[in-house]
Every structure is written in structure tokens, then in C-alpha cells.
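Line by line, the protein sequences give chains A and B. Going by this note's numbering, the residue at position 338 of the first sequence is 341; the numbering climbs one at a time, nothing skipped. Going by this note's numbering, the residue at position 256 of the second sequence is 239; the numbering climbs one at a time, nothing skipped.
No incorrect hints appear here.
Below 30 angstroms or equal to it, Euclidean Cα-Cα: the simulated DSS-like pairs (lysine-lysine) are:
id: 1; chain 1: A; residue 1: K247; chain 2: B; residue 2: K180
id: 2; chain 1: A; residue 1: K36; chain 2: B; residue 2: K159
id: 3; chain 1: A; residue 1: K247; chain 2: B; residue 2: K170
id: 4; chain 1: B; residue 1: K170; chain 2: A; residue 2: K36
id: 5; chain 1: B; residue 1: K170; chain 2: A; residue 2: K217
id: 6; chain 1: A; residue 1: K36; chain 2: B; residue 2: K174
id: 7; chain 1: B; residue 1: K(-4); chain 2: A; residue 2: K240
id: 8; chain 1: B; residue 1: K(-4); chain 2: A; residue 2: K247
id: 9; chain 1: B; residue 1: K170; chain 2: A; residue 2: K252
id: 10; chain 1: B; residue 1: K(-4); chain 2: A; residue 2: K217
id: 11; chain 1: A; residue 1: K240; chain 2: B; residue 2: K170
id: 12; chain 1: A; residue 1: K217; chain 2: B; residue 2: K3
id: 13; chain 1: B; residue 1: K3; chain 2: A; residue 2: K247
id: 14; chain 1: B; residue 1: K174; chain 2: A; residue 2: K252
id: 15; chain 1: B; residue 1: K373; chain 2: B; residue 2: K350
id: 16; chain 1: B; residue 1: K159; chain 2: A; residue 2: K240
id: 17; chain 1: A; residue 1: K240; chain 2: B; residue 2: K174
id: 18; chain 1: B; residue 1: K180; chain 2: A; residue 2: K36
id: 19; chain 1: A; residue 1: K240; chain 2: B; residue 2: K180
id: 20; chain 1: B; residue 1: K180; chain 2: A; residue 2: K257
Some chain B residues well away from chain A (every beta-carbon gap over 10 angstroms; in silico):
id: 21; residue: G21
id: 22; residue: Y23
id: 23; residue: A85
id: 24; residue: T127
id: 25; residue: R138
id: 26; residue: A228
Because the hints were derived from the structure by calculation, they are not lab data. Note that CB positions come from ideal geometry on N, CA and C, so glycine has one too.
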Amino acid sequence: MVGIVTYGSYIPRFRIKVEEIARVWGEDPEDIKNGLYIYSKSVPGPDEDTATISVESLRNAMARKKPSGVGAIYVGSESHPYAVKPTATIVAEATGFAPEITAADYEFACKAGTAAMQTVMGMVKSGMIKEGVAIGADTSQGAPGDALEYSAAAGGTAFVIGNENVIAEIKATYSITTDTPDFWRREGQDYPRHGGRFTGEPAYFRHVLDASRKMMEIMKTKPEDYTYAVFHQPNGKFPSRAAKTLGFKESQIKQGLIVPYIGNTYSGSMITGLSAILDISKPGDRILAVSFGSGAGSDAFHIEITKEIENYKKENAQSVWSQIERSKFIDYAYYAKFKRKIKMGE
Amino acid sequence: MRDVVIVGVGQTKFGEHWEKSLRALAVEAGLKAIEDAGIYSKDIEAIYGGNMSAGSTTFQDHIGPLLADFTGLAINRIPAIRIENGSASGAAAFHEGFLAVASGNYDTVLVGGVEKLTDVSMEEITEVLSGEVDREWELFNGATLASLAGLMARRYMVEYNTKREQIALMPVLSHKHGSLNPYAQFKNTIKVEDVLKSTMVADPLTMLDCAPVSDGASAVILTTMENAKKWRKDGIVKVKASSVASDYIALQSRENITRFDSTVEAARKAYKMAGLEPKDISLVEIHDAYSIFGLIALEDLGFFKKGTAGKYLEEGYGNLDSRLPINPSGGLKAKGHPVGATGVGQIVEATLQLRKEADKRQVPDPKNALTLNIGGSGGSSIVHIMEVVK
Chain A
4 MVGIVTYGSY IPRFRIKVEE IARVWGEDPE DIKNGLYIYS KSVPGPDEDT
54 ATISVESLRN AMARKKPSGV GAIYVGSESH PYAVKPTATI VAEATGFAPE
104 ITAADYEFAC KAGTAAMQTV MGMVKSGMIK EGVAIGADTS QGAPGDALEY
154 SAAAGGTAFV IGNENVIAEI KATYSITTDT PDFWRREGQD YPRHGGRFTG
204 EPAYFRHVLD ASRKMMEIMK TKPEDYTYAV FHQPNGKFPS RAAKTLGFKE
254 SQIKQGLIVP YIGNTYSGSM ITGLSAILDI SKPGDRILAV SFGSGAGSDA
304 FHIEITKEIE NYKKENAQSV WSQIERSKFI DYAYYAKFKR KIKMGE
Chain B
-16 MRDVVIVGVG QTKFGEHWEK SLRALAVEAG LKAIEDAGIY SKDIEAIYGG
34 NMSAGSTTFQ DHIGPLLADF TGLAINRIPA IRIENGSASG AAAFHEGFLA
84 VASGNYDTVL VGGVEKLTDV SMEEITEVLS GEVDREWELF NGATLASLAG
134 LMARRYMVEY NTKREQIALM PVLSHKHGSL NPYAQFKNTI KVEDVLKSTM
184 VADPLTMLDC APVSDGASAV ILTTMENAKK WRKDGIVKVK ASSVASDYIA
234 LQSRENITRF DSTVEAARKA YKMAGLEPKD ISLVEIHDAY SIFGLIALED
284 LGFFKKGTAG KYLEEGYGNL DSRLPINPSG GLKAKGHPVG ATGVGQIVEA
334 TLQLRKEADK RQVPDPKNAL TLNIGGSGGS SIVHIMEVVK
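Please take these sequences and the hints and turn them into a complete structure.
Here it is, written out as C-alpha cells:
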């Protein structure tokens, strides 16, 4: 039985409201809120990056249950602090798993974290390792004035995946991958570019809907068979529409829909929604979790909660929703400072 | 001049065709038209293709031969010519095809229109499409086509004491009809308040006053009456008039910016050629690239007195069962505006209506139909009148 042994998330406490960004660029905040279904987004503090967010997430997971045999750490992100030099080594050292461990960084836009989960699942299943860590974390970039600036946020989630004492069994995973250039950032560029409306139908919806339908076909399930569903959340509109198209009700997606308050945490997005669902899950609950990464692909997971969750010490770390509530709103000037958008002297 | 008859029509759905290229769209519409006419490719003697921006959006020029090649006609070595006339490229291509058959030079020609716009960003599209107004005198000074339409709307409101709500009735009508058209880009109905609340584009025009960016293709087969009677038992639609007129391309050169003089002139010539008056027209497809264009066009075509179109729309003119059904296809606003395909698409709709094949959006028993395709802000206007023969 391969599944989640423990999990933890980290969301920076700083937030900026849509109104504040819209004020600076002369946009109508109501248009943005109605169009994107985002009210505010998380902002990393000046000393936070993907490495610190990954470490905090894993520490939260470890506070809930101490892993007993971690043999691999994979960190998925599109904002690794270094172009060459892994984030995973920093995480391995900071959490005490180095040096007898294999580690690497992953990149697949917003689904690098779930790609890491699949890798660890395979290694655990094959017997290569007893347990492994899969992390998705980002301090994502949106060019000033671009639509992405309203959503590009920071946060992450870590899973320890193993085959003993799992609180949530990952019964199956299924992926869709195509070469779809909907969103990209070239080496050396500060901000990503995107294909506007092309990011919708042919990119997000095609992959998320296909992966979800195929997963349900494989598991012979229907939307009503799931207690919860969570989809990648580039904004509030896309996952809500995907859920409705597939036949899920609002009550099934509400717990995991965190984007309206913290924005899109990219590699951390869907999995932090999943983390929020695990925060309240009970034995027997079924979860459909589907990520999406531009470029493009989707990973779907069919997850079932085990009895082990009853003995699990969730309370040893802050829940996702309490981290969402733990917020400090900043203005655009602080935002520009924290995100290092101000050109400094030599 | 010989009688010219529309013997076959074909079109793609208008909208965002992420997985279809320029050539794939053109081939789809062209082959449907050939199939609809019940003819073989060897029967086609020439191709006229309307397209505005392939060179700028897909870097593909020389598309006449390209279309001949991919519709399987290159082997016949027939002439294949691309016509560019801004947003009126489609109707301009149709006009050339009409002249070619009417003159006796060719018996059967394929007229197509195609545009593929969604391959590039919205900023690039705005730049490319604004190329149909005066780049040096208008664009370089900050105007876009939308802002010129905004100026026209503002002046129109002042001059004729027209309410903003009356202008908004145009997209409301187009969406109502588009909701019934399986080929339309938008199938949602909208209300006046939706138009007013929508995102501002160029004051007073909002997003819902403006036609969308679309991909699509349309095609028709034109031939002689003699051939048409051989090939079709019924549904023979004759082209009664084909008329083109131009105006000063930039707004600042015009005497009056609440009027399209090119439309007035093209309509005058078309009515004369067809031997008809505005009151004789059964239905119209007009160029509502911007809501205000629709109101102005209805007046310039002679249906309503200057400044009164909004009032007539309020009274229910335009509906399918009204005295003057307007844009039964959904118009540029709801059916979509794949620029080069738009004008040919209007003629496809007119033909389907006259053949009574327009299904849920069918106008009751139309005798004839008028189409108006406008280039830019009225730099050119092209009017066609079609009539059902049997």
C-alpha cells in the first residue's frame, strides 16, 4: 500500500489585495475579482524563497509524524533559487536527511510537485527506498502590470510517501502529457510569458478534464463517489469550471479551493489544496486530486483515507486554512520591496 | 452581363480554432462548398480568396496558390488569387468572383474567405487589425479602430440625442440570433445592462459592443444559371447586385463621422442594379464590428432615417419575425469576425436563409437578402443583394 505517511504545508503570512495591485495599474478591481475569482495573494517575505518554503513545509510534516526511512527528496518548482545547484540539497541538509539520500530538483511548471510524488511512489513501490519526500513549492513570478501579477503567489507542500502506516493510500495515478506551449519562461528571463486565452481550453481544461475522466474510468468511479476533489488552481474560475464540467458539486471542492485568498502557488497550488483537504479528512474519504503544469500535462491521483489518520497528530502543525487566516496585508510599495522589484544602488 | 448564381456554400464554425491552421480552415470550408454544389474540383476554373492578415499573423503570404494546393486544385493549374481589402476582404473576393462569371471569362469559380487570428497575442492582433485604418494619420497619433468607433458613437449620441442603451440593443440582437446558430462563436444571450457593465474598451463602447477575435473560413461556388439548373433542383440563389464603394480612409477627412458615405454609395448602386428599394429587402446581414457601425449602417442602407435606428431596434425591428430581420446569423458580434471570412460568411448565411436551410434562425419566407461588409471605419463598403430563383 503506497501512500502519504505525513504531510505539511507552508504559506507566507504576507498578502496583497487585488484592489492594491489594481490601484497602481489603474485597473478596475471588480473586473479582476469577477474575472479571476481572486481577492488576495500571498507574498514571500524578504528572506523567503522556494528553499525556505520547502524546508518549512517538510518541518511541518515531520512535526506531525517523524519519518523513519527517507531515502529520497525531490523538490518541484519553477522558482528554484539557483539555476544550477539544487534546492533539494538545501532541504536535505536543513531537515537532517543528508548525506545518505538521493535528491534532485524537478521542473514542470505548476505540476513539478506531483511529478515528484509519482517518482517517489515508483521508488517506494519498487523497494528502492522505504520512504521518500516529494515537495512542490514556488515563489512565482508575474510581470508588473500583467494579469499574472494578481495571481502569482508563494507557498508549498511536502509529502512523505511510503508503504507503511500511511494516512492516505494513493490507489492510482494517471498522467496526460502533450507539447502545448501555453506558458513559458526562457533561461535568464525574469518573468514568464503566456498565450492569453490559449492557456484555457487547449491547455488547462483539455489536460485537467482528460486526466480526471480517465482516472475515474480506470477506477470505475463517478464524481459522486468522491468526498472531495481538488484541481490545479491558477485562479478561482478554472478549477470551479472544471469541477462543474465534470459533475462535481461545490461542496466537494470548497475545502481545497484556496486560490481566492492566497493566489496561485504554482507547484504548491493543487497539493496545498489537497493538504487543506487532508486537514479535515476521515477514514474512508475518497479524494480526486488533479494537477496541471503548463507545457503541458496533468497528473491525477485517486486517494483514499485510512484509519491511520485517527492516530495522526495533525494538530502538531498549523492547518492550511489557519495559515491562510494568519495574514498581514501589505501595500504595493512593500510588495515591490519584498519581491525585489526595486532597482537598488551598487 | 450574365446572371451569376450561388450554387454551393460551406463554412467552418467561427471561433477559437486552437487546433486548426489557416489552411485547414480554408480547406474545410472550400470542400464543404464543393460538396454542397454537388460538383467536382475539375469544374472550378478559378479561386478568389479573401484574407486580410495571414502575412502578419502566420507569416504566410501567397495564400491563393496555397489554398488551391490544399483544396486539391493545384493539379488543375487554375488561377488562384488572394484579395485584401481590410475587413471587407471577403466581400471584395466575392465581387471579383462575381465579375469573373458575369463577364463570361469563367463559368464556375470558388470564392473563399479565411482568417486565423488566435495564433498571436491580443496586443499583436490589435496592431495587425488596426492596419485597415490610416496608419500614418490615425494610428501613429494613438487611434485604434476601436477608439475611432468610440469617437463615432460619441458624436452620434450627441448629434441624434441617442441613448447609450439604444446602441447596446445591437449586440443584444446579434447574441439573440447567434444563440440559434451552430456556427456562431457565442451562443449566450445578453441584456442591455450586460453591455453597459462590461469592460470599457473605448468610451462609450464596452467589450460587448465589439466583435470578437475569431478564426474561421467561408466559401461559396459561383456559376452560370445554365450550370446551376443542371446541378441543383432547387435552392438556386441569384446574385442580383454586387457593388463596391470607397471613402476617405481616415475619419478626419470626412464631412460627417456619423455616416458611412461608402455604404450610402454602395447601397445606391446595388439597389439600382437589383431594381429594388430598401422596403423590398427581406433580411439583412450587416457589419456590426462595433455596435455603432450597425446602427449607422442600417440608416445608410436606407432602412431608417438618420439617427432613428436605435428607436426602431427598441420597437423590435431586427427580430427574425419582424419587418426587417437583422443579422439572423448572429452578426459579427455573436457569429464572430474572422476578418477575411466575414463577408463571404454573410453571403453564406443569406444563401442558407433563401434556401430555407437556416433551421432555428430561419427568417419566415424571405425573397431576397442584402449583405453589407465594411472595411476599416468605412473606408470601403461592399453591398450584395441575393434573390432566390427556385
